[in-house]
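Asks: Sequence:
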Amino acid sequence: MHVFVLPLGSNSARGVSLWNVAAPAQFVNSAWNVEARIFTMFHEIGHLVMRTSSACVGYVNAREDVQRSIERWCDGTVYLPSGMDAQDFAVASASSSSSLRRQ
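Throughout the sequence shown, residue numbering follows our numbering, covering 1 to 103 in sequence.
Just so you know, the hints here were simulated from the structure itself, not pulled from any lab data. One or more hints might be untrue.
Here are the in silico distance ranges between beta carbons for each label pair [as the list claims (entries may be wrong)]:
#1 69 with 7: 12 to 22 Å
#2 12 with 35: 11 to 21 Å
#3 35 with 6: 13 to 23 Å
Using N, Cα and C, we set each Cβ at its ideal position, and we do this for glycine too.
Between the sequences and the hints, there should be enough to build the whole structure, so can you do that?
Replies: Written as structure tokens, this is what we have:
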């Protein structure tokens, strides 16, 4: 996975994930504070675990229920239970994530 931290400005997306089987990538906006950037990095990892691309600008743009559910799932990867990595989280919640992608 490639991670890029770029100055995208405070009116731009906090993060962007681009799924590609050979080279998944995420872009994190350096305009936000360190805590927000760390949250965004893990959130974007959630999108890559689900094999989806996304530009995360907040729930305002997540109009559809499915999209809101995906965003909440990705937020959940930020708060993984102790000792659980993102892959374990993905396997444990495979039924819910696969049903989200099918819709």
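Asks: All hints are to be evaluated individually against the structure, with a verdict given for each.
Replies: Structure-based check of each hint:
1. 69 with 7: 12 to 22 Å: Given about 31 Å between the Cβ atoms, the range is violated.
2. 12 with 35: 11 to 21 Å: holds, 18 Å
3. 35 with 6: 13 to 23 Å: holds, 18 Å
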